[in-house]
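Heads up: the sequence lines are chains B, X and E, in that order.
Using this note's numbering, the letters of the first sequence correspond one by one to residues 87 to 224.
Using this note's numbering, the letters of the second sequence correspond one by one to residues 87 to 224.
Using this note's numbering, the letters of the third sequence correspond one by one to residues 87 to 224.
I should point out that these hints are in silico values taken from the structure, not numbers from a laboratory.
Possibly wrong hints are sitting among the right ones.
Pairs involving identical chains hold if they fit within one copy or between any two copies, as the list cannot separate such chains.
[As the list claims (entries may be wrong)] Below, simulated DSS-like cross-link-like pairs (lysine-lysine); rule was C-alpha separation at most 27 Å, straight line:
no., residue 1, residue 2
1, Lys161, Lys90
2, Lys157, Lys133
3, Lys148, Lys90
4, Lys157, Lys90
5, Lys148, Lys181
6, Lys179, Lys148
7, Lys90, Lys135
8, Lys148, Lys135
9, Lys195, Lys157
10, Lys134, Lys195
11, Lys195, Lys160
Bear in mind that the values here come from a model prediction, so they are computed numbers and not experimental data.
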Amino acid sequence: MVEKINFIVKDKSFEKFMMMVILGTTGGAMDMEMNFFFTFWGLYLLKKKHKPKVAGMPFPMKGMATRMFKKRLKKFGLENSWELIKEAIEDGKMKLYPCQMTMDLMGIKREEMWDFIEEPIGAAAFLEMGEDAKIVSL
Amino acid sequence: MVEKINFIVKDKSFEKFMMMVILGTTGGAMDMEMNFFFTFWGLYLLKKKHKPKVAGMPFPMKGMATRMFKKRLKKFGLENSWELIKEAIEDGKMKLYPCQMTMDLMGIKREEMWDFIEEPIGAAAFLEMGEDAKIVSL
Amino acid sequence: MVEKINFIVKDKSFEKFMMMVILGTTGGAMDMEMNFFFTFWGLYLLKKKHKPKVAGMPFPMKGMATRMFKKRLKKFGLENSWELIKEAIEDGKMKLYPCQMTMDLMGIKREEMWDFIEEPIGAAAFLEMGEDAKIVSL
Chain B
87 MVEKINFIVK DKSFEKFMMM VILGTTGGAM DMEMNFFFTF WGLYLLKKKH
137 KPKVAGMPFP MKGMATRMFK KRLKKFGLEN SWELIKEAIE DGKMKLYPCQ
187 MTMDLMGIKR EEMWDFIEEP IGAAAFLEMG EDAKIVSL
Chain X
87 MVEKINFIVK DKSFEKFMMM VILGTTGGAM DMEMNFFFTF WGLYLLKKKH
137 KPKVAGMPFP MKGMATRMFK KRLKKFGLEN SWELIKEAIE DGKMKLYPCQ
187 MTMDLMGIKR EEMWDFIEEP IGAAAFLEMG EDAKIVSL
Chain E
87 MVEKINFIVK DKSFEKFMMM VILGTTGGAM DMEMNFFFTF WGLYLLKKKH
137 KPKVAGMPFP MKGMATRMFK KRLKKFGLEN SWELIKEAIE DGKMKLYPCQ
187 MTMDLMGIKR EEMWDFIEEP IGAAAFLEMG EDAKIVSL
């Protein structure tokens, strides 16, 4: 049986973005199905214009910490995270689903988000596709 | 087999409250058992007097964002969240459990909380009732 | 079958530390395998010098709230949390794994962390050892 993990992503931080990239592409390379359901602030991670910032630092250090992390991620070959995600999506191993209801709630439109994500779904569809999966809220 | 999801709720924010309402009532309507275990700040969500505030916004916008979200939720029929929760509880599909130990730790009393929730339980009882369930920490 | 729960710990707060202690030692006492994978700020919880602070309170109350919680935890016999964790580890019921990649990313060294934790592992190893387990991101 193919292992399947359905993640809930509810924050827009750099940390949550990197957890999504690392778990999603690693699991994908291990032939696992990695699905991500983005809700509330997590939807920002799917916006083409959003630049995730480090959340775990007080305000004046946020920008600096984000730059430092990005620089260090280069040595892991992770500087082009969206390229890695796109590859995993094309291989059919990773799928990104925006939550329709919170999109409406927060006034976020489909066209603000990347093209290569799935069509928006609701909570019922998310729960249904999780029946044979683990569910992890990042 | 009836699907069963046991959630851990550890924050008192509006976002976590809405995730609880939407996942709990949606899963309940799909005939799933949806249990919620409230610990630490999550216990505040069970207090009759607590008004959840949006967490994902800096301080001066919190109040405004909360009001705006509430207004928009009306169009989804979600303005009376506690009514929806009560219905799901009466249908036997949703159960809310406060964590006894963190109640003591934080000085929160049973009578400050809604009547229709379950009696407080400890971590051992929570883990035991999760054996045949998924566990998701919101 | 022995129940097994693999937790992801990504924050350095007092609340997350206490959730780890309570769930880990309670599950351990119930003969469950409780594994914890520490990533990003969660790694701080493994540092010998780190003193976790309450996260769910605004800045000026953090210190006070932490002291108050610690005092109250004494009546639950939880004041020596690391002693309890060490016992659970020695009994083979609890295992703490630092994430190698985020250690490098954040510049945290093995020798800054407690001796009794496991050797660092990567995301692939974490996903692999989760195949027959529940995965919960605290």
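Verification of the hints:
1. Proximity of Lys161 to Lys90 under the C-alpha cut-off of 27 Å is found in neither arrangement, the shortest distances being 29 Å within a copy and 34 Å between copies.
2. In this assembly of identical chains, the alpha carbons of Lys157 and Lys133 lie at most 27 Å apart whether taken from the same copy (22 Å) or from different copies (24 Å).
3. Taking identical chains as interchangeable, the C-alpha atoms of Lys148 and Lys90 are never at most 27 Å apart, the minima being 34 Å within one chain and 36 Å between chains.
4. Taking CA atoms no more than 27 Å apart as the test, Lys157 paired with Lys90 passes in neither setting, with 32 Å inside one copy and 37 Å between copies.
5. In this assembly of identical chains, the alpha carbons of Lys148 and Lys181 never lie at most 27 Å apart, being 29 Å within a copy and 32 Å across copies at closest.
6. For a Cα distance limit of 27 Å, the shortest separation of Lys179 from Lys148 qualifies neither inside one copy, at 32 Å, nor across copies, at 38 Å.
7. In this assembly of identical chains, the alpha carbons of Lys90 and Lys135 never lie at most 27 Å apart, being 30 Å within a copy and 38 Å across copies at closest.
8. In this assembly of identical chains, Lys148 and Lys135 lie within 27 Å of each other by CA distance both inside one copy and across copies; the values are 18 Å within and 23 Å between.
9. Only between protomers do Lys195 and Lys157 lie at most 27 Å apart by alpha-carbon distance; the minimum there is 19 Å, versus 31 Å within a single protomer.
10. Proximity of Lys134 to Lys195 under the C-alpha cut-off of 27 Å is restricted to the intra-copy arrangement: shortest distance 11 Å within a copy versus 35 Å between copies.
11. With identical chains, the CA atoms of Lys195 and Lys160 are at most 27 Å apart between copies only, with a shortest distance of 19 Å across copies and 32 Å within one.
Taken one by one, the earlier hints fail for this structure at numbers 1, 3, 4, 5, 6 and 7, listed in ascending order.
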